[in-house]
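Asks: Going down the list, the sequences are from chains A and B.
Start counting the first sequence at 1; every next residue gets the next number (our numbering).
Start counting the second sequence at 1; every next residue gets the next number (our numbering).
The reader is advised that the hints may include incorrect statements.
[What the hints assert, rightly or not] In silico SDA-like pairs for lysine to any residue, Cα to Cα no more than 20 Å straight-line:
1. 49/B - 97/A
2. 49/B - 103/A
3. 57/A - 95/B
4. 49/B - 3/A
5. 49/B - 15/B
6. 49/B - 101/A
7. 49/B - 10/A
8. 49/B - 61/A
The set of hints was computed from the structure by calculation and includes no laboratory data.
Listed below, chain by chain, are the residues.
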Amino acid sequence: KAGVTQTPRYLIKTRGQQVTLSCSPISGHRSVSWYQQTPGQGLQFLFEYFSETQRNKGNFPGRFSGRQFSNSRSEMNVSTLELGDSALYLCASSGRQDTGELFFGEGSRLTVL
Amino acid sequence: AQSVTQLDSQVPVFEEAPVELRCNYSSSVSVYLFWYVQYPNQGLQLLLKYLSGSTLVESINGFEAEFNKSQTSFHLRKPSVHISDTAEYFCAVSDRGSTLGRLYFGRGTQLTVWP
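Just chain A, with the same shape it has in the complex (with noise of 0.2 Å):
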């Protein structure tokens, strides 16, 4: 089975613009989660969809949105960046609902100049 699938790897935006990341998550995985990875305050969860609808939402404020496909494919957009958007994001995606058990793409990191 192939991994989960993040694109672009590596950007760079200056402030002010706006980005969109997409992300495949493996075969058969209708969840799909967001998550904001920075030196200085770790791993932090942004939101999760599970067939198209949002479930879960961490503390971030409205610059930063999601949607799912039908498909299961997602995207995540981060509007009017700020120095501080710079970090590495990372997609999961996982097949059960009970255990809260992620499998993690390879992550977009996004530097904001």
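Could you slot chain B onto chain A? The hints should help.
Replies: Then chain B, alone, in the frame of chain A:
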């Protein structure tokens, strides 16, 4: 809410020495427990997990972790490390039966193995 504390941010050790990476958690509900490993410029890989049953769980590359409910700990151990074990290790917990894609992570422990 859950919280996870990894007691050591950095653990340096020589090759073939034993190592223990400590993890304690705080939760008002029963949890599942995980250790993930992250190599430079990569995502997180599941190393091992405790869901139920035996409190001692093992990975295929020689790591083991023991769930201690009374001490709310899930320490990771390896009797003899290799240079290739150099990575960052994250302990994580999820609510038993109500995860909604959310894991609570510790801040990570950087394991550095020296020759």
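Asks: Indicate, hint by hint, whether the structure satisfies it.
Replies: Hints, verified against the model:
1. 49/B - 97/A: holds, 15 Å
2. 49/B - 103/A: holds, 12 Å
3. 57/A - 95/B: Since the Cα atoms of residue 57/A and residue 95/B sit roughly 15 Å apart, the hinted pair holds (cutoff 20 Å).
4. 49/B - 3/A: Cα-Cα ~19 Å, so holds.
5. 49/B - 15/B: With Cα atoms ~25 Å apart, residue 49/B and residue 15/B exceed 20 Å; violated.
6. 49/B - 101/A: Measuring from Cα to Cα gives roughly 8 Å; hence the hint holds.
7. 49/B - 10/A: Violated: residue 49/B and residue 10/A sit about 30 Å apart, past 20 Å.
8. 49/B - 61/A: Violated, at about 32 Å.
Checked against the numbered hints given earlier, the structure breaks hints 5, 7, 8 and satisfies all the rest.
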